[in-house]
Structure formats: structure tokens, C-alpha cells
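J.: Here's the letter readout for the chains.
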Amino acid sequence: MYIFSRPTLRRRLESTRGVVGSTLVEKIIARASGRARVSPGEIVTCKVDLAMVHDSSGPRRLGPRLRELGAGVWDPSKVVVVTDHYAPAVDVESASIQKLTREWVAENRPGAFYDQQGICHIVLAEGGHLKPGMFCVGGDSHSPTGGAFGCYMAGFGATEMAGVMVTGEIWTRVPETIRVEWTGKLPDGVVAKDMMLFLCRTLGMQNAFRAVEYGGDAVAALPMQERLVLTNMAAELGAETGMIEPDAVTLAAIRDGGGVVEDEAVRKWRSDPDASYEARHLFDAARLTPQVALPNTPANAGPVEAVEGRPIDQAYIGACVGAKLEDLHMAARLLRGRRVASGVRLMVAPASAAATRMAASDGTLATLTEAGAILLPTGCGACAGYGAGVLAEGEVCISSTNRNFRGRMGHMNSQVYLGSPYTVAASAVAGCIADPRPFLAEAA
Amino acid sequence: MTGGIGGRAWKFGDNVDTDVLSPGIYMKLPPEELAKHCLEAVDPAFAASVRLGDVVVGGENFGMGSSREQAPQALKILGVGAVLAKSFARIFYRNAFNLGLPALFFPQADEISAGDRIEVDLAAGQVRNLTTRKAYAVEPIPQHLLDMILAGGLMPHLKSILARERGA
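For the protein sequence lines, the chains are A and B, in the order given. Under the working numbering, the first residue of the first sequence is numbered -19, with each subsequent residue one higher. Under the working numbering, the first residue of the second sequence is numbered 5, with each subsequent residue one higher.
Calculated from the structure, these hints are not laboratory results. Hints are not guaranteed to be accurate.
[Said to hold, decoys possible] The calculated label-pair distances, taken between Cβ atoms and stated as ranges, are: (1) B:141 / A:290: 25 to 33 Å; (2) A:286 / B:155: 47 to 55 Å; (3) A:421 / B:112: 52 to 60 Å.
[Said to hold, decoys possible] Just some of the chain B residues that point at chain A, by a computed CB distance under 7 Å: (4) 45; (5) 73; (6) 95.
[Claimed, not checked] Sample of chain B residues lacking proximity to chain A, with all beta carbon distances greater than 10 Å (derived): (7) 23; (8) 71; (9) 91; (10) 97; (11) 115; (12) 118; (13) 127; (14) 129; (15) 144; (16) 146; (17) 150; (18) 163.
We put the CB at the ideal spot given by N, CA and C, even for glycine.
With the hints as extra help, turn the sequences into a complete structure.
T.: And the structure:
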């Protein structure tokens, strides 16, 4: 049924087995573990440069563990706390979780606290916290997002994050690196989200103990916010982390966020030309088309044509992966001068307060709301079923989020399709799953 | 925990995800309440019927998805003694050991049927199916994880580290 077997995409798989060079992730793990070099499969202990936790997996769960251990935070300056999963509070339980988080922050004084300022992965990226070569951990599975800055960042559970808070260290098995290159120019209406849905199907979601390194001229051409999509959804590939070697775009993004970084980081923190990869994959971006993942897994992705016309109840633009300023711009470009179909609701939950602010000042929010979109607060929202916009039994949603596991966005018998912000916006206008390209061509 | 685990097998397929193990809509609840909904989307009888020492048997990529450790925690609260699967998602794998729930790579998962009587001997690295009278050697658990699981998980391990530092 899916159409990847037709000769539209070029895939080259080659195995190299040199022993001289190191990949970027190996260089970072070597530095963090105090070794000259490391090899895949070695189990090492690394010193953590930055630890991020949020309201769901953070103080609420690690606070009691620190109390039980009678221990404090090893280095509060290296800790970032974010409220996003239960922000804003919608009932007494979520309000209590928020309150507990604020009290923990007041007591432990982490280096940064973002209270309802956006989704953790995006506020970290916006705040200049992440720099090439750093070894970072996060109490959330989408922590690989940070790898777009040329650092190591991976996700861990709450007890393990408690361990980091106490010791400042964590064990890792040095992952194999897979190199994923995209060459050529993405067609209009085809974006990083389509690349990742395609990869979920092509590479599968079972890449534990591997790091994915993205490269190629199509990746180099992506703005920072689109690069975050590639590394964010390394989580869906099941990988330890996703990474992109730093360049001028990376340095500009760090400096825009108030971070300090040397130009030299670009030369220092990249894979050696003779580095050893477990596999290399090469894809032609020019031949990629809009992708949609069917329920109940991102690996059920295929070209939008396969599901065009399927009726929807809701279109959702939200989450770290799918409601950044860049994503809101995509939705607005498609929705300008159009209306959401009757009987369909389009919800937009911007990924950060900064994105909301900028979208308000540049007219994006006006375009969205004039088209009939309902604006929701910034935060994780309905993506994980925690916030506003969840689904009833039997309802169908197309969403710009990153996961569509059964019951994730509400009732266990609701259905979630995943697509790019363009595809979600086009579907909202059509009232059914739709290819965004004709809409964009018509508008142009 | 001395390594002796035994009970009935509960069979699941590939890609059992963290949303079916610990559904998001119940994540605000205390773990004991959340656990009542563990796996209900794929087996509504599981949470009410599973007994102490029972073994969950999965296919590939068991525990894919979120970092929420309520996923292995729910299994542990319900009394599950071990998870055997062809492969695991990395965060679930780590979380399981951190909470003292053994997770064993078990490529022969298809040879176990629902309801089979299973024994797991961690120290000997052996799984026995008493129903089919087959014994399997399992891939050894890395030493640092075996130490942790025998200690009861990461918290007891951290306590011993801190006790050493404070004693020094």
C-alpha cells in the first residue's frame, strides 16, 4: 500500500569499519568520561554538563527520592527545571504538581527555571543553554532534541535523574553511530517532519543503543527549528540520541539565545572523516513527498496520497516537535484567506511563550484565528493526553505531534494521524486528510 | 531479591508502548491507581488478574516511547517478577533495572504461551518453562546492572554510594 518501493527515493547502505577516527557522539562521551577515546559497546560513566527535568518527571518524583537519600543537588547551576506537562493547571491535581515544582525550585535554586514559558526542549533551545560538545541529560524521552546543537543529549527516567542530581554522573553504553544523509532540495510543502515520518518507516523504531547523526546539504540548509524536528524524533527511531554537527546556523542560534560559544566549536565538535559508522544511509530530499503516519505508531507512515480524503474531527498543531514559530508560520501560510471546514476543530498550542509572542507580533496568530483556529495555552497540551484538546471515543485527529500510540491523546479508541504542520492545516481546511501541496501552489 | 522469580506468563506482541503501560490520562494519579490501568488497552483483564511473580513476555522493542518510569513501576506494583522480551526500548530497559524489575533479552519469546508456568533464575542466567519443560540460557545481564537489581534498584545502590562517601 505504501509507495516507497517505486524508484522515487535513492537509498544507499554501506558499512565501513575503520578504527582510526571517532564520531561526534564518541568524542563527546570520551571527553565526559575522561578518556582519550571510546568505542561502541563500552560501558562508561560520564560527568553531566546539564540536567533538565520537567513538572511530570522532575521534582514531583525525584524530590521524595532526594529526601529519602538525605542528599542535595550536586551542582544546581547545571540544572534546568521547566513546567510544561501540567501547564497551565486544569484541575487540583495538576495545580498541586505545579505548586510542588515551584516549592522544589525555591528550595534547590536550579540554574534556570522556566515556569509555563513553553515546552522543555524548546525553551532549552531558545535559551542558549545547549552548546557543541556538552554532555546533557533530560528527564523526558524527547531530550535528544538538544542534539541539534552538536551536543549529546538523551532521555532518562525519574529515578535515574535523581541519581544524576545526587552524583552529577550517569552510565552509558557507547552507542554505535548511524549516519543519515539527505541531499538535494526539499520540494515546497515538504519539511523536516516529513523526513522523520519517512525515517520512522524506513529505519524502524528499534534503534536502541545507537546514535543517529544527520547530515548532508539538505540538513545544512534547514533552519535551526527544523533541525530540532530531526533530533526530536530520533526518540521515535528508538535511538539513544540524534545529533547534527554544528555550523554557522548552530552558533547563531546559541548566540541569539544569549549563550556564549566560540567559533572554534564548529571545527572541534564534528565526526572525523575516517570515523566508523555502523551504517550510512543516503536519501534524496528532492523526491520526498508529504508523509502521514496512520494510527497507532509513527512507523505506519507513508505518502499522504494513501490516506487522502479520510474524514477528521480535529486537527491539532502542538508539541515540541510541531508548534514552534516555524511550524506556526507553515500553518498560517496555508490558512491565509481560508477557513477551517465546518464540523472540524483546529487547535493550536504554541510550543513556547516566545513563539506565541513572536507569532502575535508578526500577524501569524491573527491569520490562524481568522481562519477559525482555536488558540490554546503553550505547553505539552493534548500531545500526551495531559492537557486541553484530548479526544473522545471514536474521534479522529490529524496532529503535528510526534507520537500516535493508542490512547495517547485521549480515549483508547480514538485515532491519531501524524503529519507536518502544512498537512495538518490543509486537512483542517479540507475537513479530511489532505495533501498541502495543491493549497500552497494555489496560494502562490 | 535472590534471583528466584516464578509465575504465569502474560503474552504481548511487538512494540508494547509506554502509553498502554501507563496511559497519559491517568498520569496525574498516584502510581498505585495508575497501575490499575496498566495494559488495559491491549488486555483489559491484566491488571486485575496478574499475580505476584508472574512474568510478562513481549516481542520486539518492549516499552517504546516515553521516559515515564511509571511504565515499569506499574508492572512492579502489580507484582510482575520479570519482563522477558525479544528486545527493549532503551529508557524502559534502564528504568526497569533502576526500579528493581529485571528485564531480560529473550529471543525465544514465541515459544512461551499465555498461562505457561515460568521460572526465572537471575543468578544462574536461566529461564525455565515448566509447562513445556524447556530451559533457556539467557544473555547475561551486564554486571553493574545485575549488582543493582540484586541490591533492589538504583535507590539502594545510591544509598550505598552515599554511605561510603559519608564514611570516608
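J.: Against this structure, judge whether each hint is valid.
T.: Here is how each hint holds up against the structure:
no. : hint                      : verdict
1   : B:141 / A:290: 25 to 33 Å : 48 Å, violated
2   : A:286 / B:155: 47 to 55 Å : 51 Å, holds
3   : A:421 / B:112: 52 to 60 Å : 54 Å, holds
4   : 45                        : 4 Å, holds
5   : 73                        : 4 Å, holds
6   : 95                        : 6 Å, holds
7   : 23                        : 4 Å, violated
8   : 71                        : 4 Å, violated
9   : 91                        : 6 Å, violated
10  : 97                        : 7 Å, violated
11  : 115                       : 21 Å, holds
12  : 118                       : 20 Å, holds
13  : 127                       : 20 Å, holds
14  : 129                       : 18 Å, holds
15  : 144                       : 13 Å, holds
16  : 146                       : 6 Å, violated
17  : 150                       : 12 Å, holds
18  : 163                       : 6 Å, violated
Violated hints for the displayed structure, listed by number in ascending order: 1, 7, 8, 9, 10, 16, 18.
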